[in-house]
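Asks: Model the placement of chain B on the given structure of chain A, informed by the hints.
One line per chain: the protein sequences are A and B, in this order.
The opening residue of the first sequence carries number 3 in our numbering; numbering runs sequentially from there.
The opening residue of the second sequence carries number 290 in our numbering; numbering runs sequentially from there.
If you are wondering where the hints come from, they were derived from the structure by calculation, not from laboratory data.
From a predicted model like this one, the values you see are computed outputs, not experimental measurements.
Quick reminder that beta carbons are idealized off the backbone N, C-alpha and C, glycines included.
Please note that a few of the clues may not be correct.
As the list claims (entries may be wrong) - Chain A side only, calculated, beta carbon under 7 Å to chain B, not exhaustive:
(1) Gly44
(2) Phe50
(3) Leu92
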Amino acid sequence: DVKVTQSSRYLVKRTGEKVFLECVQDMDHENMFWYRQDPGLGLRLIYFSYDVKMKEKGDIPEGYSVSREKKERFSLILESASTNQTSMYLCASSGLTGLTEAFFGQGTRLTVV
Amino acid sequence: AQSVTQLGSHVSVSEGALVLLRCNYSSSVPPYLFWYVQYPNQGLQLLLKYTSAATLVKGINGFEAEFKKSETSFHLTKPSAHMSDAAEYFCAVNERGSQGNLIFGKGTKLSVKP
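One chain only, chain A, in its complex shape (with noise of 0.2 Å):
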């Protein structure tokens, strides 16, 4: 059964503090996704990377960072967490072509106070 792992589903953060969210996935996808959901909103791209050490930005990269050093692995960092990144972080993986569909992990509910 495919997988994509999120390492918590639900984190508490103090307003300043560097968070780290965690993904795995043991499909072998070149492909991983970094959203974030709110409602009214729906999933917005944050950060993607389709190889190892490959990173590109999303819709909103402003206050996150990503890291990429292993295929199967995909972190995401909130250099200082704020308030208004209170937020369900949703990782995804795919395949290298459009054609594929995208799996996801469980999601994690960050609140940030």
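Replies: Relative to chain A, chain B alone:
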């Protein structure tokens, strides 16, 4: 830039009634199209996808969608709603030749009344 519009942020139907969730895309070149479902506090799960084979695509849980190029639409239907269909549904597109980053609509929350 490619965009996806889902008409209606909330749709409510009675159990046993037809489900129709609307999706329109903006590209002049037919993209790859997907419908995903999200149950509360879960990630997204693929319902079905269109990749230029048959225009009527069947998915899981009795859902299907029809690609209509002339209308740039990919509406999702199910003949008879079940209570278990209550969830949020997202339409998404991939540009042909893209590296695979999906562009999502804002989602439609489906409620099913007994």
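Asks: Would you mind marking each hint as holding or not holding in the structure?
Replies: Against the structure, the hints:
1. Gly44: 4 Å, holds
2. Phe50: 5 Å, holds
3. Leu92: The hint holds - Leu92 of chain A has a Cβ within 7 Å of chain B, the shortest such distance being about 6 Å.
Hint check: no violations occur; every hint is consistent with the structure.
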